[in-house]
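Peer 1: Listed below are the residues making up each chain.
6 protein chains.
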Amino acid sequence: MSRFLAARNEGRICLIGAPFDSTTSYRPGARFGPDEIRRASQGLETFSPGQEHDLEDCPFTDMGDLELPFGDPSPALAMIEATVEKLIDQGRLPFLLGGEHLVSLGAIRTLAVRFPDVKIVHLDAHADLRDDYLGQRLSHASVIRRAVDLLGHDRVRQFGIRSCTREEYPLVKSLAADVPEIIAWAERSPCYLTCDLDILDPAVFPGTGTPEPGGISFQDLSETLVRLIGGLKVVGMDVVELAPNMDTTGVSSIAAAKIVRECLIALCRRGS
Amino acid sequence: MSRFLAARNEGRICLIGAPFDSTTSYRPGARFGPDEIRRASQGLETFSPGQEHDLEDCPFTDMGDLELPFGDPSPALAMIEATVEKLIDQGRLPFLLGGEHLVSLGAIRTLAVRFPDVKIVHLDAHADLRDDYLGQRLSHASVIRRAVDLLGHDRVRQFGIRSCTREEYPLVKSLAADVPEIIAWAERSPCYLTCDLDILDPAVFPGTGTPEPGGISFQDLSETLVRLIGGLKVVGMDVVELAPNMDTTGVSSIAAAKIVRECLIALCRRGS
Amino acid sequence: MSRFLAARNEGRICLIGAPFDSTTSYRPGARFGPDEIRRASQGLETFSPGQEHDLEDCPFTDMGDLELPFGDPSPALAMIEATVEKLIDQGRLPFLLGGEHLVSLGAIRTLAVRFPDVKIVHLDAHADLRDDYLGQRLSHASVIRRAVDLLGHDRVRQFGIRSCTREEYPLVKSLAADVPEIIAWAERSPCYLTCDLDILDPAVFPGTGTPEPGGISFQDLSETLVRLIGGLKVVGMDVVELAPNMDTTGVSSIAAAKIVRECLIALCRRGS
Amino acid sequence: MSRFLAARNEGRICLIGAPFDSTTSYRPGARFGPDEIRRASQGLETFSPGQEHDLEDCPFTDMGDLELPFGDPSPALAMIEATVEKLIDQGRLPFLLGGEHLVSLGAIRTLAVRFPDVKIVHLDAHADLRDDYLGQRLSHASVIRRAVDLLGHDRVRQFGIRSCTREEYPLVKSLAADVPEIIAWAERSPCYLTCDLDILDPAVFPGTGTPEPGGISFQDLSETLVRLIGGLKVVGMDVVELAPNMDTTGVSSIAAAKIVRECLIALCRRGS
Amino acid sequence: MSRFLAARNEGRICLIGAPFDSTTSYRPGARFGPDEIRRASQGLETFSPGQEHDLEDCPFTDMGDLELPFGDPSPALAMIEATVEKLIDQGRLPFLLGGEHLVSLGAIRTLAVRFPDVKIVHLDAHADLRDDYLGQRLSHASVIRRAVDLLGHDRVRQFGIRSCTREEYPLVKSLAADVPEIIAWAERSPCYLTCDLDILDPAVFPGTGTPEPGGISFQDLSETLVRLIGGLKVVGMDVVELAPNMDTTGVSSIAAAKIVRECLIALCRRGS
Amino acid sequence: MSRFLAARNEGRICLIGAPFDSTTSYRPGARFGPDEIRRASQGLETFSPGQEHDLEDCPFTDMGDLELPFGDPSPALAMIEATVEKLIDQGRLPFLLGGEHLVSLGAIRTLAVRFPDVKIVHLDAHADLRDDYLGQRLSHASVIRRAVDLLGHDRVRQFGIRSCTREEYPLVKSLAADVPEIIAWAERSPCYLTCDLDILDPAVFPGTGTPEPGGISFQDLSETLVRLIGGLKVVGMDVVELAPNMDTTGVSSIAAAKIVRECLIALCRRGS
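Protein chains in written order, with the numbering used here: chain Y, 853 to 1124; chain P, 853 to 1124; chain L, 853 to 1124; chain Z, 853 to 1124; chain H, 853 to 1124; chain S, 853 to 1124.
It is worth saying that the hints were derived from the structure and are not from the lab.
Fair warning: this is a prediction, and the values are worked out from it, not measured in the lab.
Note that the Cβ used here is the ideal one computed from N, Cα and C, for glycine as well.
Be a bit skeptical, because a hint or two may be false.
[To be verified] A short, non-exhaustive set of chain L residues, derived as facing chain P with CB atoms under 10 Å:
#, residue
1, G895
2, L896
3, E897
4, P901
5, E904
6, D906
7, T913
8, E1033
9, A1036
10, P1054
11, F1070
12, D1099
13, G1102
14, I1106
15, A1107
Build the full structure now, drawing on both the sequences and the hints.
Peer 2: Quick look at the structure:
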């Protein structure tokens, strides 16, 4: 079997690996995510029976991975920002493969400049709305808070959150929305879609840094993403927080690869 | 992240680790359960969105682990009995972290003396009603049978059983009850709640000695426990049979820790 | 605990291990399946609460494993064909334990001769209808295509397929059926029932060569098999594609052993 | 490949599995040792280049495993004693496969009666000379102390010990001997040879309950055992403390199987 | 860190992955070897302190992996033969990364034609001199026997063999040689150097299909290969039998990558 | 068994866990090192036969772990510096448990102030002398270079280095020394001893971020450390780079715990 995710330059949608995990608070390893997503694509078909469409008919690019330094996240975020900026300027749609959730901030910062009315749709188990984590304001636990700081509450909606602090809870309740609500709220604004895969139940997806019991099924996530992509004007997206080293069965990596396949096909169908 | 389960002495509800697994018939390792539950608490928040309550507001004590000898279970059970007795005498509510299911017998023996009308509510995949296991009457497969010997059938109810022998089956059918039935049956009697985590589906909880395919989801177990604690007069409880060594993903340990968090909060809410 | 699956010769239903996996395209290891199914039977009871029947009351034979050479599959298939032929001639019902899915072809070839009106009922995540895999026509990805070549489309029905190529898709749609449809279609024809365990969700069954996210639950598979066996005239069957090395929790092996237990009891109840 | 260790009855040397590990103080799992030794024999040849002899030319019996109850070790020890007694009465040489080290006591108790001048040769990383372990006198950490109680210091010699308590240390120094010293000391007395595989370095043999860094190489252990068997009048022996679940590479099980092969060939050469 | 093994075309020495393992008799997975060797190169420096030389100064090519079909080995061998032939015709030095040991036969067949006086130097734990394995003459256990058939005994020498059958043993003794003997025997003949990594001790290299206790150290293998490459006229070589799935620590893959680095540098130094 | 490493305050030598690994370049997880070293102490005795001394007779303190933020290493280093400063002011000897190697810099910075003539003795597989790693000057690959910047070449010696870049190699050669050379060089200067456990062979110690094949044995490291501590005036030390998640056998953690035991006893013997 060959990998459907591998270096190539064929279209507007552009995959970029962001192998960074230095602010992960519990179990590191998301740095290995992008590489494993590509490897796991080897065990899947390119055809999606659910969407009745084949990835072979979807032009897309895979730029490979950025070489991000570990430790202080500022230089890594700057590299992501610069890359996303270049892609936007080329009329491309950046699709980040994490890495930890903080990498999304690199994309969001750039998009906030290029699309001043951009809205954020956030799928996750965790609210990621802490102001800081042990004093660090650049943390995977604060990434959506940084987005809120940048854009305001009105331009962020969350789906699937089942873990937060007492302090985050009121904001979590006010940002929660289901798929039709999100589509109505977004109207025709450009949207950035960020999907932390730990929204899935740990049974389905143990390979992540902070598994949170009680999540949704693969089928639910897959259908939710396809519906959101179909209903929103997505200008960038990411799929983050696969830490494949935590799951020796390889099943988490395969789930991530299948989610990426479904998103690529949905983006392609939407775009055409 | 810090652990919310760690040595402290703050309240009436009292966690005690019972790291014993010498009678485990299939895959040992439950001795590592209490330590791993504490470690895994590091990856979870103290706030429960489901109960809208924070464990920070729930005073409880964690006594750490008993140092139980392996082999013949009699001395280990005697140590558990003595500890539970002391706690009851102090007006505390003992909450055992197993270890294998046999450790519950130490608590049940003491409670049968101190609360002569105590009733047992048993959540499990397995009936645990064998009279003996290869001749051993003190076995994790006989623990509820020993409780029935002590208290009679009328004072035991079971929930979730999906595995038993032909010989156990009639008794299993007569003891089976759902949550409202259990609450009605218990009336105002003091109850001991014993939860074998293998009631969960092995997809959710592979880290256990005798996983039994076809179990319930995390959400179902969590809600069932919260409802039972809300509706019963719980005077002691346990959560047993995490064998973390069987699950290198760590997901089973995190599930156990979250169940303990939900139970602690529910006990605290009930108590106040 | 002792194993209920172990060498014995007690009845018409006859288990045979087929430890072969040389054509597996992604993750090999199904060769270890039969041995692990027997080992895992140690952790289960012989009694089925769902069927209210005990395997102890079901006479069956376990012939152990064929010693199949690896590499070119032709000699291994010839050995399976010869074994199945001998069993059919003895009036027995062959029940293969895979091994990869290609081993089914050995049984199907023999049954096509001995039961000229045999029909195939295929449970799987993957269509297995490719004409060849990298030029190899004897491949686990082509096994049902070889059956279709032999018997025609009209004598094959599929259940649970969620992955296929674009080329396979029209045939997949035409062969798909649910349980009542399969039973109606089969009428009184002799049926061969082939169950690729990767029909299960990878959360439940990660221990397989090509896990495909989005599958069915253990309970659904178990009930489907019991209903099919109850409604069809099964003259042979198999359970394939456990690759236990991919799942260090052992949960996949236990799921496979429980499926085999349920099938043996259902075959026995049907037969009596 | 087929297993050279499997049920058969061909000679005087008689393998018996003793799958018991209830007194293991650290990491349980030695119960799975005998089964894994047999399985791992599949990956090895029957021919020993070192001894220039083939196991095919060595008649031996494999009785399979005793079905030992877990928990209190007394009944398990009684079953081992009875089995060894019967084998000695048949003129056979019992060769136990552990299981934890305590199982040796069953053999030693019987041999002390049948061979009143029996001597014990003990290979191990640990002294196993504690009087009790948390009060339990029947413990894997006390097994050689029980032998010393039974036979006196003069009839026990140790090889390879690198871990003990301060209290054990004087006795450890007095019992230590190298191979020529042991052979000279034993003279023509009947000897029981007990080999705890954790004498090996954990790099070579991680699959054990209490790995102790700084051990000997496989080649050293293999040659030591062959020399001891060649120089002593061995009337019984054991190889214990493989806990295969601790080593997912399988290498520990293969090392144990090769040690058993070398011992069987050496016993056979000595006997003929 | 970046990978020093990755697609590039810079020199005469040419790496080709041969991800095939269908004839593996015990534990499959060598198909994943080439990919893991490249990935593991990420954790190593390009500089060799032992050779005081940097791989950065060694031009070499990495063609990536052949896409070999599984099952019958004949088409896979034909693809390897054709590839090696093409490389030889281009004046290149083929360096195969296995895959199982049978892949060497593809190279040997071609070299026997292009270099009629080619000699084979074989490093391994196993003799690989069986005439067939369960009837299959194309097997990893027969690969050197096929070379002997093709070239005669006089043109093959072995190093490190510690496992064979009784039947193979006389030939093993006659082919055994140490490094100076091999260099003297080879004279100025073109040599094919084939290195089965299971020559290493399983402590160092558990990630292989048939680990054989009692092997050599990493340092010994590394120095042996450097000396052989320095003393022979190597026209092709391979490094085979890494099965990375058997070793979740990743250490086997890193050892293989470092061996490849040392060989590339030694070939480069020899060549310049 | 109980842990000899656990919270206590008994003496001048003071253990502090430094669970930080954000700059790890290859495989993260050293953050789990301190906790696992304590846990693994459970499987070892307190008595050292090699030093004929018992840890029970050695007063020492275990402060537990610092709560270090992940990401930018500056605040974590500042916390380590402040802690070490406080300990030095109390007349204590700080003994850090890593964490990645960068944590040593926190100690070295403080010691360079408090002991202006301090010398550094560095045991490691890797030189750690890079000026930066992908632009980050605070990196585990640059930690000894930062020490050289601070103190000059003359005050650093290295032992065991087997991996470096071409650029580092001249400095590596000039800093290399054996034990007697180090003791002679140090004279009566205060020394900081930093031990990266990856100096061990990966067979012995796979549980680390960048395993480097070809290392020393456990016995060699243990004896080297005992000799160095006996011959130097150690004013602080560390043991770093256990990444226990990479080694599911637990053997690496046990090796680390035994090294810590031997160092504590040696420090205690030296001090008294």
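Peer 1: Compare the structure with each hint and give your call.
Peer 2: Cross-check of the supplied hints:
1. G895: Given a least distance of 4 Å, the restraint on G895 (chain L) holds.
2. L896: holds (7 Å)
3. E897: holds (5 Å)
4. P901: This interface hint holds because 6 Å falls under the 10 Å limit.
5. E904: holds (8 Å)
6. D906: holds (5 Å)
7. T913: At 22 Å from the nearest chain P Cβ, T913 (chain L) fails the 10 Å test, so the hint is violated.
8. E1033: violated (25 Å)
9. A1036: violated (28 Å)
10. P1054: holds (9 Å)
11. F1070: holds (4 Å)
12. D1099: Constraint on D1099 (chain L) satisfied, holds at 8 Å.
13. G1102: holds (7 Å)
14. I1106: At about 6 Å, which falls below the 10 Å cut-off, the nearest Cβ of chain P leaves the hint on I1106 (chain L) intact, so it holds.
15. A1107: Since the shortest Cβ distance to chain P is 5 Å, the answer is holds.
Hint violations for this structure: numbers 7, 8 and 9, all remaining hints satisfied.
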